[in-house]
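Enquirer: For the record, the sequence lines run as chains A and B. Here the first sequence stands for residues 2 to 111, numbered as in this note's numbering. Here the second sequence stands for residues 242 to 354, numbered as in this note's numbering.
Quick caveat, the hints were computed from the structure, so don't treat them as lab data. Keep in mind that the hints are not guaranteed to be accurate.
To be verified - Lysine-lysine pairs mimicking DSBU-like chemistry, simulated, CA-CA at most 35 Å apart: (1) B:Lys319 <-> A:Lys46; (2) A:Lys43 <-> B:Lys312; (3) A:Lys98 <-> B:Lys256; (4) A:Lys46 <-> A:Lys3.
None of these values were measured; they are calculated from a predicted model.
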Amino acid sequence: RKEVEQDPGPFNVPEGATVAFNCTYSNSASQSFFWYRQDCRKEPKLLMSVYSSGNEDGRFTAQLNRASQYISLLIRDSKLSDSATYLCVVTLTGFQKLVFGTGTRLLVSP
Amino acid sequence: EAEVAQSPRYKITEKSQAVAFWCDPISGHATLYWYRQILGQGPELLVQFQDESVVDDSQLPKDRFSAERLKGVDSTLKIQPAELGDSAMYLCASSADRSRGYTFGSGTRLTVV
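Model the full assembly from the supplied sequences, consistent with the hints where possible.
Expert: Right, dumping it as structure tokens:
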């Protein structure tokens, strides 16, 4: 079983739609959680950290469920510019190794 | 905004040749990571440094890959000899405060022919 699992997609949605991605992780000792965005052939860039209390940044909402070991990302009012791959990332205990999911590809169409 | 510098951006090399990548993390960042990303997959950790010490190189193919961070600042990743399967994006990342996430460099795209 992979340490971090994501549906690779692609998710094809029209502009203005709401779309949600989920991610599950296997190590209950995972400490920190993030969503990264990666454009084609570019480096990953931090989108947002994820907290148990949930956090929101504009059109983006992230949620962590430690009991079920999953992380979610909700994008409201999708824009064409949201088209990218969204990587779920967790860090493990100790020296905080970053573990990535395979990413979920989002395509927003006009 | 501070950046993680990587060079070269692109590298084409022949199978069995040696190749090296360089990374300069954000000033003051003690933790430095080298990741490899094969097209269509998420990045996978090759090696992690804390200052000049290696803290995780369990996924580094040590028969052909080596990494160093001699003064705890910039770092070099070397492959010798390169194989066709090494074609990938090599990403360097650094971090000062783990709870705030990690900053990636723009990567080196390696093609082995």
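Enquirer: Please verify whether Lys98 (chain A) and Lys256 (chain B) have alpha carbons no more than 35 Å apart.
Expert: Satisfied, since the Cα-Cα distance of roughly 31 Å is no more than 35 Å.
Enquirer: Take a quick look at whether Lys46 (chain A) and Lys3 (chain A) sit within 35 Å of each other, Cα to Cα.
Expert: 22 Å, holds
Enquirer: Could you grab the alpha-carbon distance between Lys319 (chain B) and Lys46 (chain A) and see if it respects the 35 Å cut-off?
Expert: Within the cut-off at roughly 25 Å; holds.
Enquirer: Check the hint pairing Lys43 (chain A) with Lys312 (chain B) against an upper bound of 35 Å on the C-alpha distance.
Expert: Between Lys43 (chain A) and Lys312 (chain B) the Cα gap is close to 28 Å, so the pair holds against 35 Å.
Comparing the model with each earlier hint shows no violations; every hint is respected.
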